[in-house]
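**Q** In case you want the letters, here they are:
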Amino acid sequence: MSQPKLSRRSVLFDTLAGGLALACITMSGGLANAAEAAGEPLWFGVSGPLTGPSAQYGAQWKKGFDLALDQINAAGGVKGRPLRYVFEDSQNDPRQSIAIAQKFVADPKILIELGDFSSPASMAASPIYQRAGLVQFGFTNSHPDFTKGGDFIWSNSISQAEEQPNVADFAVTSLKLKRLAVLHLNTDWGRTSKDIFVKAARERGAEVVATEGYLPDEKDFRSTLVRVREANPDGIVLISYYADGAAIARQLKPVGLNQPVVAVGSVYSPKFLELGGEAVNGVHTRANFFPAEPRPEVQGFVAAYRAKYQEEPDAFSAYAYDAVLVAQRVIEAGGTDRTAIRDAFPRVKDIPSVIFGKATFDPETRRVSGVRNVKLVVKDGAFALWDGSVPAAAN
Amino acid sequence: MGAGYGQGFELTPEGPIIVFPTTLGPWLDYTINGLVIGNIYALLAVGLALIFGVSHLINFAHGSVYMVGAYIGWLCVTKLNLPLPVTFVTVAAGCGLLGAVIERVGLRPLRNAPRIAPLLATIGLSVVLDQSAQLLFSPDPRALPTQLPTWRIAIGGGSIGALDLLIAGVGIGSAGLLYGFLRFTKLGWAVRATALDRDAAQQCGVDVDKVNRTVFAIASALGGVSGLLVGMYYNTIDPNMGFQAGLKGIVAQLIGGVGNVPGAIAGSLLLGLIESYGIALFGTSYRNLFAFVALILILVLRPNGLFAQARRLPPEPLTGTFIAPSRPLVLPKWAVWGLAALALALPLAVQQPYLLQTLGNAWLYALLALSLTLVAGTVGQVSLGHAGLLAIGAYASSLLALDAGVPVLLAVPLAGLVAAALGTALVYPAFRLRGHYVSIATLAVGEIVTLVILNWESLTRGPIGVTGIPPLSVAGKPLVSGQWVYWVPLAVLLAFAALQSRLLNSHLGRTLRAIREDDVAARSYGVDLNRYKGLAFAVAGFIAGVGGALMAHFYSYINHETFPAPVSMLALTMVILGGLGNVAGAVLGAAVLVGLPELFRAAAEYRMLIYGVVLLLLIRFRPQGLLGTV
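The listed protein sequences correspond, in order, to chains A and B.
According to the numbering used here, the residues represented by the first sequence are 1 to 395, in order.
According to the numbering used here, the residues represented by the second sequence are 396 to 1025, in order.
By construction, these hints were calculated from the structure, which means they are not laboratory data.
It is possible that some hints are incorrect.
[Stated by the list, open to error] With a cut-off of at most 25 Å between alpha-carbon atoms, the simulated SDA-like pairs for lysine to any residue come out as follows:
| hint | chain 1 | residue 1 | chain 2 | residue 2 |
| --- | --- | --- | --- | --- |
| 1 | A | Lys148 | B | Lys728 |
| 2 | A | Lys62 | B | Arg996 |
| 3 | B | Lys474 | A | Ala231 |
| 4 | A | Lys375 | A | Arg295 |
| 5 | B | Lys728 | B | Ala738 |
| 6 | A | Lys358 | A | Ala75 |
| 7 | B | Lys728 | B | Leu889 |
| 8 | A | Lys358 | A | Val348 |
| 9 | A | Lys176 | A | Glu311 |
| 10 | A | Lys178 | A | Lys62 |
| 11 | B | Lys474 | A | Tyr309 |
| 12 | B | Lys474 | A | Glu311 |
| 13 | A | Lys79 | A | Gly39 |
| 14 | A | Lys219 | B | Leu804 |
| 15 | A | Lys253 | B | Thr426 |
| 16 | A | Lys63 | A | Trp43 |
| 17 | A | Lys109 | A | Phe87 |
| 18 | A | Lys199 | B | Ala738 |
| 19 | B | Lys474 | A | Glu278 |
| 20 | B | Lys605 | B | Lys728 |
| 21 | A | Lys62 | A | Asn281 |
| 22 | A | Lys253 | B | Thr541 |
| 23 | A | Lys379 | B | Leu543 |
| 24 | A | Lys219 | B | Leu874 |
| 25 | A | Lys219 | B | Arg499 |
| 26 | A | Lys379 | B | Arg547 |
Source: prediction; values computed, not measured.
Using the sequences plus the hints, can you model the full thing?
**A** Spelled out as structure tokens, the structure:
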């Protein structure tokens, strides 16, 4: 198993070197495959939101997919054949994701399916993929029951059981916060995360003095934050995505909250800085990757991403990028047979991954463990490595 | 973990934990916060009130205009670096123009169409505007930095900034200006005259079109400026920001009394306070629940709004005018049976699972449309919260099957009964309402259902949702294959369609239509309105509940986001497309609207835009629907 790992790594380094030149001549993933891979393309299907309220995440996915395919196809694709994808817009709606599922399972060229975005859309389609024997590979599906849909349902989404104790460590052990207020998205992801976080924080000796769940489209948090303030916390924990996380950060001061803030890794996005402005300075987060990390997976992703899109990558494009690397490896190992691709999951080991470093699937849970993370803090409008300083206690 | 304070405020078996802050301090803060957010709602509510006052139209495109204003502002601020006053003028001018265009293109051609047509046109316009913005500017949220000074005034434990004051100033200032304009200018008189009686005003020489154009331009300019201000306030704008904001604006102006500009401001502030105090007492996840419960209470107790004069004419004329009179296309009996037989035989000839699934979805949605067409078409109670019935049916059936061990085959009809009972009980307070008020009340009921599902964790499992819902099975054999996802919904649909057709042809159908056409006359003939409305809602609830239950068993996983508000809008569009009250029309509408987006799949990012345009064209050229109203 060390052979493929080595070649994979050299691919990434090559791409890093040639990434700039490559990105300049390619405008989209579709054009990129001509470079080295040739012949009949291999296809994976994507079911995800391109329109509707979650469209921004689908747009970030696309960037991650295209980047990964640029690199893979420039380096010979999968056994010399280019890898491509069909992106079907589900609007994050279960009615459409099940129709897409039927479409994909009936289309023999689709070897593996990636997505959907939310649990209702993804898990409604799971029975169809499972029955038809096409792997549904969810890469943002942290719902604890997602992979229980059957042996064709796999995920490299970060397990919250692993992620949240890390966040609790950062808040309680590193930053010495003892009275925490938790604000969380009131979705299956946010709720699961909150429950695990609260348990982990208590185990580390902290008290959770307030928990507040908010709806994804909420913008006004002032009264929520007054409630938090009245509970008298010494630190605030955000289980949020970047847009709502930034909105909360901006409203802290206006209600008189100056406590240190710790956010989960999904706020890691240039948009968090842009939308949050000065208010996010000092926010701590335990991100799953950081552009300055020397790991080759991170460098291969970040440098090429900047070159291709002239912007900083975020967590969602990193998840999508990682998902394509997994798809490439399992198709390489399993060939063009859908069941063989399923069987390849436990066999492919140490898949290069931005989020996990090296990803290996556990055949029992059909998930990946060993999420990488770095402790970051926002400093002068940019994410920086946390220097170990404990913020002065507020109040 | 210390005392109960931080436990979260779920509806635990012991009930929600209510915490009263012990000092006055936080209450001052909650009050200020309520006024701050109410301030923001007011900006939208004033424009909506103005438009409603004149054209009796709830303008669902207003939220989209607000979004466009935010983007024009964003271009001015970040790309052109214009000074703030110039930005304001540009946004107002741009959106004013947009408003005039909306009036000219989307609404004026519909002035003689039934009342429902312009309402739908505004929904279509909002889809077109939102999707265009998404294509132009990408769905990513963007920052809209403010150039205002950063000083803040400390009040209570918190503070307010220059932008808060500016928003309050614009809200109150524009309301004042509007008041003056309506009272003291000639055009203002014309506007008020048109609002009172369009035809009479026209006869007196008022250029009604000009009045409408002016009103739309003013309201839209104001809407655009609100978008800019709110974008700056939160430092974020995105193409979907309009829907939720527009909804809150509509709620606020209803609380104040539709068409009442000062009332809209008071209603907005009140809504903000209700939300803020709701959060203070029960927690953030209850926020909208209180807003919508308050709305229903106000609608029921003071249907003209809190601030309406007591002896005003009801702003909605008799509900009969809601429906386009038309001669329905009646299919001969043999054709109906033939089509049904063909539909049933289809899977024998075509084995494409994608096609069968899409049609199966269409039949499931046709159940929803069937249910809605009964209450909206036949009885004239246009419901905007019908997705709530799906959700009740879906949860009832899933929980009966999973937690009570009821066999799925039995759980589905039981879920229908639950949806019928709960749905009727929830809408019951709205039975005394008419026209638009029914729509808004049902919209609120739909939102309440979603929020109760989210918060009643001990029963519904809250945001985690219900997993592992067993599929429908007969004699231990699960009906999950390609043909069954088609046949099961189709068989149920045909049964209900036949039942509903019989119902409509009976004396019951005539009574229900009589209520729609003229409820006063119906009552004077001894028709007990509540009883018949209740009967219609019960039948409708049963059909939709069964539909939702079937969906749940096909999906295997549901949570509070599975049946969101846009599903209700979609259902209404289906019903109107097919022809209100028309059973075959409901089926056709569902097939077309589930099918169209699938047909446009190749156009991925453009398909919602195409959908919006098709919707607009249909309303423009065939407002009575494809098969005509019954």
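**Q** Give a verdict on every hint.
**A** We went through each hint and held it up to the structure:
1. Lys148/A <-> Lys728/B: 49 Å, violated
2. Lys62/A <-> Arg996/B: 17 Å, holds
3. Lys474/B <-> Ala231/A: It is violated: about 43 Å lies between the C-alpha atoms, which goes past 25 Å.
4. Lys375/A <-> Arg295/A: 15 Å, holds
5. Lys728/B <-> Ala738/B: 15 Å, holds
6. Lys358/A <-> Ala75/A: Holds, at about 20 Å.
7. Lys728/B <-> Leu889/B: Answer holds: Lys728/B to Leu889/B is near 14 Å, not above 25 Å.
8. Lys358/A <-> Val348/A: 11 Å, holds
9. Lys176/A <-> Glu311/A: The hint is violated at about 34 Å.
10. Lys178/A <-> Lys62/A: 41 Å, violated
11. Lys474/B <-> Tyr309/A: Judged against 25 Å, a Cα distance of about 19 Å means the pair holds.
12. Lys474/B <-> Glu311/A: 18 Å, holds
13. Lys79/A <-> Gly39/A: With a Cα-Cα distance of about 10 Å, the restraint between Lys79/A and Gly39/A holds, given a limit of 25 Å.
14. Lys219/A <-> Leu804/B: Not OK: Lys219/A and Leu804/B at ~43 Å, beyond 25 Å, violated.
15. Lys253/A <-> Thr426/B: Measuring from Cα to Cα gives roughly 17 Å; hence the hint holds.
16. Lys63/A <-> Trp43/A: 17 Å, holds
17. Lys109/A <-> Phe87/A: It holds: about 14 Å lies between the C-alpha atoms, which stays within 25 Å.
18. Lys199/A <-> Ala738/B: Distance of about 54 Å is beyond 25 Å: violated.
19. Lys474/B <-> Glu278/A: Holds. Lys474/B to Glu278/A sits at ~21 Å (cutoff 25 Å).
20. Lys605/B <-> Lys728/B: Distance of about 49 Å is beyond 25 Å: violated.
21. Lys62/A <-> Asn281/A: Violated, because 29 Å separates the two Cα atoms, which is more than 25 Å.
22. Lys253/A <-> Thr541/B: 17 Å, holds
23. Lys379/A <-> Leu543/B: 24 Å, holds
24. Lys219/A <-> Leu874/B: 43 Å, violated
25. Lys219/A <-> Arg499/B: Measuring from Cα to Cα gives roughly 33 Å; hence the hint is violated.
26. Lys379/A <-> Arg547/B: Holds, at roughly 23 Å.
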